Amino acid sequence: MKRLNKVKLLGFAAASVLAATGTPNIAQAQVAGHNVILVHGFQFSDLKEKPSDQEVYDRQLIPQFWQDRAEGRLGWSSAERVEGRISEQVFEQAKQLSMQGTCVDGCVLVTHSTGDLVTRYFLENQETWLMNAGLEPLDIIAVLDFAGAGGGTELASLAVNIASNASIPDWIKQAVGGAFGLDLSQADISDLGVVQDLNVSKARTLAMTPNDIPHLRFAGNGGNVLIKPLILGSDDATVPAHSSCGASAPEAIESCANSVSFTGKLTSVNGPDGLLYNHYPVLMSNKADHGQVIRDEATGPVTYVYNGFDVGLRVDFEAEYKSVPWWQFWRETGNFRFVSDSADRSVSSLVYDTLNN
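Using the working numbering, the final residue of the sequence shown is 577, and nothing's skipped along the way.
Keep in mind the hints are simulated off the structure, nothing from the lab.
This structure is a prediction, so every number in the text was calculated from the model and none was measured.
Every residue, glycine too, gets a C-beta built ideally from N, C-alpha and C.
Just to be clear, a hint being listed does not mean it is correct.
Under the rule of at most 27 Å between Cα atoms (straight-line distance), these lysine-lysine pairs were calculated in the DSSO-like manner [to be verified]: (1) Lys542 to Lys507; (2) Lys485 to Lys507; (3) Lys315 to Lys270; (4) Lys485 to Lys448; (5) Lys268 to Lys422; (6) Lys448 to Lys507; (7) Lys268 to Lys448; (8) Lys542 to Lys485.
With beta-carbon atoms standing in for the labels, derived distance ranges [what the hints assert, rightly or not]: (9) Asn478 to Leu446: 37 to 43 Å; (10) Ser560 to Leu446: 31 to 37 Å; (11) Lys542 to Asp432: 36 to 42 Å; (12) Asn478 to Thr425: 43 to 49 Å.
Required output: the full structure, derived from the provided sequences and hints.
In structure tokens:
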């Protein structure tokens, strides 16, 4: 989908639907001069108690760091399906953003987790939806995907299999169910909501048509070691690297690149054979788990994959290099590359400051 020409829109029409969708102006900060729209991730509690549409529109689920820097959000219920009620909920909020002219000067979408998949489906369809409603589609400059689950996760695939197979061992039911806040020994597939869309084979069929909106990806490799054996390759204890990196195939990769590891070591590593069109893995944090990737929380040094390029946003992180000699056997040895001063900073703050530099 092509980016669209800027238009001036009347604010009166927007005011008429403000109460209906409940999405206020949140802040005044921007990314590279563009307003920020937030799309949150999976919410465990929705599967236990389905939220009303108004609750979906009102709640603020992305960490405060990004709330303070955003002008709007696209909320959705994890109890629903991407191609069903979720798309309707997102469309209602997108109509308001269009009428308000929020993206007249272009917007940057910031997503977390399943918000990646929800956003991808929205971007493939928003031009048709909004133009059919007599509205201007949102001019999206780029998407920042933190711990993106758009490629699916093996945990969801297991949950779907467990819900339809009574012979699965209890320890697997407990481990996988815990990841989604469910008692999978009692659940059936209709209880899983968007988890069904996160099944790897399903996620990778949703809205896969290439478009010209770049996705900048930020991935973690930390988290609960008990969960990791259930996920293919490196992971953040919820989402595999093949998803968070934007790999074109669901392979057991160990990094977002073939020449640098999650630890920042410059070495040959099992990275993706290819990437989804217009998807750029940018930063990797070896110790950040699924939530820490987007929270304003330092987890140790961060390395980069793609750097020094411009796709509507200028990506230009400063680098520092270090070597650990072979005789320091108690440490990982070799040559390392990190983002400068990243050890004491969150991934989000590094991204925000660099894109605004």
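For each hint, the structure was consulted:
Restraint check for Lys542 and Lys507: the C-alpha separation of about 18 Å stays at or below 27 Å, so the hint holds. Between Lys485 and Lys507 the CA atoms are separated by roughly 14 Å; this keeps the pair inside 27 Å, and the hint holds. Only pairs whose Cα atoms come within 27 Å are accepted, and Lys315 paired with Lys270 is accepted, the gap being roughly 23 Å. For the hint linking Lys485 to Lys448, the alpha-carbon distance of about 21 Å falls within 27 Å, and the restraint holds.
Of the pairs offered as hints, the one joining Lys268 and Lys422 holds, with about 23 Å between alpha carbons and a cut-off of 27 Å not exceeded. A hinted pair counts as satisfied when its Cα atoms are at most 27 Å apart, and Lys448 with Lys507 qualifies at roughly 13 Å. Proximity of Lys268 to Lys448 is assessed by CA-CA distance (about 25 Å); at most 27 Å being required, the pair is judged to hold. Of the pairs offered as hints, the one joining Lys542 and Lys485 holds, with about 9 Å between alpha carbons and a cut-off of 27 Å not exceeded.
Distance hint for Asn478 and Leu446: a CB-CB separation of about 29 Å, inconsistent with the stated range 37 to 43 Å. Hint check: Ser560 to Leu446, Cβ distance near 34 Å, so the stated range 31 to 37 Å holds. With their beta carbons about 38 Å apart, Lys542 and Asp432 fall inside the hinted range of 36 to 42 Å. A hinted range of 43 to 49 Å is violated for the C-beta pair Asn478 and Thr425, which are about 27 Å apart.
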